[in-house]
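Participant: For reference, the chains in residue letters:
2 protein chains.
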Amino acid sequence: MRSFDTIIYNATLVTVNAAFDIIPRGMIGIINGKIEEISAMPDGFDIPDGIEAIDAAGGIVMPGLVNTHTHMPMTLFRGLADDLPLDVWLNQYIFPAEGKWITPENVRLGTALACAEMLLSGTTTVCGGYFYEDAVAEIVSQAGIRGVLGQGVIDFPAPGVPDAGDNISAAMAFTQKWYGLLPTIQPSIFCHSPYTCSQKTLKAAKAAARSQGVLFQIHAAETVLEQTLIEGSGNMSPVQYLDHIGILDEQTLLVHSVWVDDKDVEIIANSGAAVSHNPESNMKLASGIAPVLKLLSSGIAVGLGTDGCASNNDLDMFQEMDTAAKLHKAQTLDPTVMDVRSVLKMATIGAARAIGLDRKIGSLEKGKQADLLIIDTHQPHLVPLYNPVSQIVYSARGSDVRDVMVAGRMLVRNRALTSLDQDDILNKVKVLSRKIAALKRHGRVL
Amino acid sequence: MRSFDTIIYNATLVTVNAAFDIIPRGMIGIINGKIEEISAMPDGFDIPDGIEAIDAAGGIVMPGLVNTHTHMPMTLFRGLADDLPLDVWLNQYIFPAEGKWITPENVRLGTALACAEMLLSGTTTVCGGYFYEDAVAEIVSQAGIRGVLGQGVIDFPAPGVPDAGDNISAAMAFTQKWYGLLPTIQPSIFCHSPYTCSQKTLKAAKAAARSQGVLFQIHAAETVLEQTLIEGSGNMSPVQYLDHIGILDEQTLLVHSVWVDDKDVEIIANSGAAVSHNPESNMKLASGIAPVLKLLSSGIAVGLGTDGCASNNDLDMFQEMDTAAKLHKAQTLDPTVMDVRSVLKMATIGAARAIGLDRKIGSLEKGKQADLLIIDTHQPHLVPLYNPVSQIVYSARGSDVRDVMVAGRMLVRNRALTSLDQDDILNKVKVLSRKIAALKRHGRVL
Numbered sequence: 001m002r003s004f005d006t007i008i009y010n011a012t013l014v015t016v017n018a019a020f021d022i023i024p025r026g027m028i029g030i031i032n033g034k035i036e037e038i039s040a041m042p043d044g045f046d047i048p049d050g051i052e053a054i055d056a057a058g059g060i061v062m063p064g065l066v067n068t069h070t071h072m073p074m075t076l077f078r079g080l081a082d083d084l085p086l087d088v089w090l091n092q093y094i095f096p097a098e099g100k101w102i103t104p105e106n107v108r109l110g111t112a113l114a115c116a117e118m119l120l121s122g123t124t125t126v127c128g129g130y131f132y133e134d135a136v137a138e139i140v141s142q143a144g145i146r147g148v149l150g151q152g153v154i155d156f157p158a159p160g161v162p163d164a165g166d167n168i169s170a171a172m173a174f175t176q177k178w179y180g181l182l183p184t185i186q187p188s189i190f191c192h193s194p195y196t197c198s199q200k201t202l203k204a205a206k207a208a209a210r211s212q213g214v215l216f217q218i219h220a221a222e223t224v225l226e227q228t229l230i231e232g233s234g235n236m237s238p239v240q241y242l243d244h245i246g247i248l249d250e251q252t253l254l255v256h257s258v259w260v261d262d263k264d265v266e267i268i269a270n271s272g273a274a275v276s277h278n279p280e281s282n283m284k285l286a287s288g289i290a291p292v293l294k295l296l297s298s299g300i301a302v303g304l305g306t307d308g309c310a311s312n313n314d315l316d317m318f319q320e321m322d323t324a325a326k327l328h329k330a331q332t333l334d335p336t337v338m339d340v341r342s343v344l345k346m347a348t349i350g351a352a353r354a355i356g357l358d359r360k361i362g363s364l365e366k367g368k369q370a371d372l373l374i375i376d377t378h379q380p381h382l383v384p385l386y387n388p389v390s391q392i393v394y395s396a397r398g399s400d401v402r403d404v405m406v407a408g409r410m411l412v413r414n415r416a417l418t419s420l421d422q423d424d425i426l427n428k429v430k431v432l433s434r435k436i437a438a439l440k441r442h443g444r445v446l
Numbered sequence: 447m448r449s450f451d452t453i454i455y456n457a458t459l460v461t462v463n464a465a466f467d468i469i470p471r472g473m474i475g476i477i478n479g480k481i482e483e484i485s486a487m488p489d490g491f492d493i494p495d496g497i498e499a500i501d502a503a504g505g506i507v508m509p510g511l512v513n514t515h516t517h518m519p520m521t522l523f524r525g526l527a528d529d530l531p532l533d534v535w536l537n538q539y540i541f542p543a544e545g546k547w548i549t550p551e552n553v554r555l556g557t558a559l560a561c562a563e564m565l566l567s568g569t570t571t572v573c574g575g576y577f578y579e580d581a582v583a584e585i586v587s588q589a590g591i592r593g594v595l596g597q598g599v600i601d602f603p604a605p606g607v608p609d610a611g612d613n614i615s616a617a618m619a620f621t622q623k624w625y626g627l628l629p630t631i632q633p634s635i636f637c638h639s640p641y642t643c644s645q646k647t648l649k650a651a652k653a654a655a656r657s658q659g660v661l662f663q664i665h666a667a668e669t670v671l672e673q674t675l676i677e678g679s680g681n682m683s684p685v686q687y688l689d690h691i692g693i694l695d696e697q698t699l700l701v702h703s704v705w706v707d708d709k710d711v712e713i714i715a716n717s718g719a720a721v722s723h724n725p726e727s728n729m730k731l732a733s734g735i736a737p738v739l740k741l742l743s744s745g746i747a748v749g750l751g752t753d754g755c756a757s758n759n760d761l762d763m764f765q766e767m768d769t770a771a772k773l774h775k776a777q778t779l780d781p782t783v784m785d786v787r788s789v790l791k792m793a794t795i796g797a798a799r800a801i802g803l804d805r806k807i808g809s810l811e812k813g814k815q816a817d818l819l820i821i822d823t824h825q826p827h828l829v830p831l832y833n834p835v836s837q838i839v840y841s842a843r844g845s846d847v848r849d850v851m852v853a854g855r856m857l858v859r860n861r862a863l864t865s866l867d868q869d870d871i872l873n874k875v876k877v878l879s880r881k882i883a884a885l886k887r888h889g890r891v892l
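Chains A and B, in that order, are what the protein sequence lines are. Take the first sequence: its letter number 364 is residue 364 in my numbering, and every next letter is one higher. One gets my numbering by counting positions in the second sequence from 1 and adding 446 to each.
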């Protein structure tokens, strides 16, 4: 036995490597945060002395989940307003709530809550964006979860950027500060959408992202109405418009892409841009159903995402996998589409590819980062276990995650957070949310 | 304070009564298995001596969930075969597996596993059917969960009924034995479908159910092809056919009802029959999306159900609520439909109405049975808590259920089963499933 820092043993390993190898009684050796060995347990396996040895107790070990789209601080607005027309939900609840309550301090609190929820449910990498992203990055780095963090750009006064004319320079300052600072944090620029950012803003933001080699994220083709809201796009679809003005390339992540036709799919595929698929948010907001089968068959990198808590209302990637697997079957009336392996890939290696991290994460392979989770399968809803991939997609819940590791560091151990103070976060959120609820009850602007 | 057997206090009570009252800091007093008082906690509330007093710790107390459709023993086939065309799935996997493995002993084991899973995730009443239903009823009565249990009727040789000619008499023997035997068990007759039962069988089974005053359950209008499979139905839809031969009345539960047109909806509404809506199973098997909004607006009693584990693959009613709330929004592109209250009703009082038990269960009201659950809300994915109904439908998971009571009896206490030996069940299921998996691997008939 080589001298690892940590070994995990007695596990069914679902590697999600290219061959989709499943190792029934396997072990993983970790050195310096990386997977150094992944194999069947040797005969006569002994627990070595002097290193951390984690008994997976016959459970499943799989790559950590990669959530390609959320807005972490919006956990503060979970359940604040539901089942409303989109314009009422946004203009009467979400935008006013953000205007009033989004401060750096509250962003830190909402981000801590999001990190707690995500880590406990097996998410090891989160991609998304918001305002005061510097405060987000601060908490994400404390939590230890891997993050691709986009400073928001929008052509309205926004939290932390009261003068929209400063939106690009604020984004550049954020990416410059965080670029290369920590191995687990990649800064990014997040333009809100083609209908809330002018052509000039979109081009300048993309130029800034290109100049620094960071991911450019944008909500695109989310609703059927979006096309009519984009100034100066003429008859072009949102995707055609973004392509026309030079936004699409290998470092662009299009979030949602619900209303894309065959021509749009071809444009995305040719550009090398990726897509974040958020089925639960698209369902809850009644945006529609993204043509994910076409996106995948065109070779586009598609990653799953939960979207923010106000439109889901959780950050549980296990439920998102279950929904993704089922939704497209119902729509196409074909039970063979979106099989469990395709779905699991979309939440791991496919998601990693969509955000440019597939060389580092997304599968359990020698040389990759030790970003992984252990599922406790000794529970009524997880037996029998004929097929661990089916169990992961269709039967497991976020709460079945026992341990979580990012870059070799245990961030969840026996269902408890090691890097965050859960009770402190919950208690502070309760205090804040009572104030938000009181204002809502009194009929005042949020 | 009156002398209750049990009180539950320090809870947000989501009553699901006609006024949909929510009592922020409430208490429930229970005598002899019934709710005797439900109210706000009085000022200066003291924990009384000498009775069981359960502190809900500020969590949510709600009516127990009512699963209107499943096949409990099929937990044994969870994840055995997924993502296959319906005929391959049924004929090459499920039917052969049932033929080989469904014995009274295995039915008892699979039922125990189902009861464990359901109780732990807050289901207090289960309706469904299978073969060897006597063995099912035996375990259900031990588990203490409330059951509407249908002996299966089909025109093929079936487990326990090798001669299909005996199917009605077997069903009658079952209902006679269990009718009135225990307050928590209602026997029922479950005809498999209009395409696997002849007109003669359907009529005889319905006559038997009528003569004993028990619920008649039947899968109906599940797939688009079903109409072509019904012999002698001519141009009639499955619902028209069942109406034509006199099957539909107030004690008929139509399971699925995916392929029903406006005329069918009118027929169902006029007959007084109810519908079990199983969105996750309908999605996974690519059956389609039931027109639930129309069913509800026509006044039909609609209850949620999970279906069996082979087509879901779990029995978690919380996930089923979440999916039901979102699916119909995506289909109609209207975010206001299937609001959280409508969905919660469909899993509680509406479901109770669909199976004829709404006078006894389905809401927290004085005089009703004490069938309820406590949700532990002090968790990252359940804060903030602006709206407990939104939290129940969109954010909670089965694993958030801390305690479960049926007829005043605590069946889950601090997430542990009191009436079943969980480890014993899990270990026995593991042993059996290894045998099933071994045969599957060797390519032999299941």
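For the record, the hints were derived by calculation from the structure and aren't laboratory data. There's no promise every hint is true.
[Unchecked claim] Coverage of chain B stretches by chain A, computed from C-beta distances (three or more under 8 Å per stretch; other residues unrestricted): (1) 453-464; (2) 507-514; (3) 555-563; (4) 823-831; (5) 869-882.
Ideal Cβ placement from N, Cα and C applies to all residues, glycine included.
Participant: If you look at each residue in the stretch 869-882 of chain B, do at least three have a Cβ nearer than 8 Å to any Cβ of chain A?
Facilitator: holds (count 7)
Participant: Report holds or violated for chain A covering the stretch 823-831 of chain B, Cβ cut-off 8 Å, minimum 3 residues.
Facilitator: holds (count 7)
Participant: Are there three or more residues in the stretch 453-464 of chain B whose C-beta lies within less than 8 Å of some C-beta in chain A?
Facilitator: violated (count 0)
Participant: Using C-beta distances, would you say chain A covers the stretch 555-563 of chain B, given that this needs three or more residues below 8 Å?
Facilitator: Check passed, 3 qualifying residues.
Participant: Under 8 Å between beta-carbons, do enough residues of the stretch 507-514 of chain B, three at least, approach chain A for the coverage claim to hold?
Facilitator: violated (count 0)
Of the numbered hints given earlier, the model fails hints 1 and 2; all others are met.
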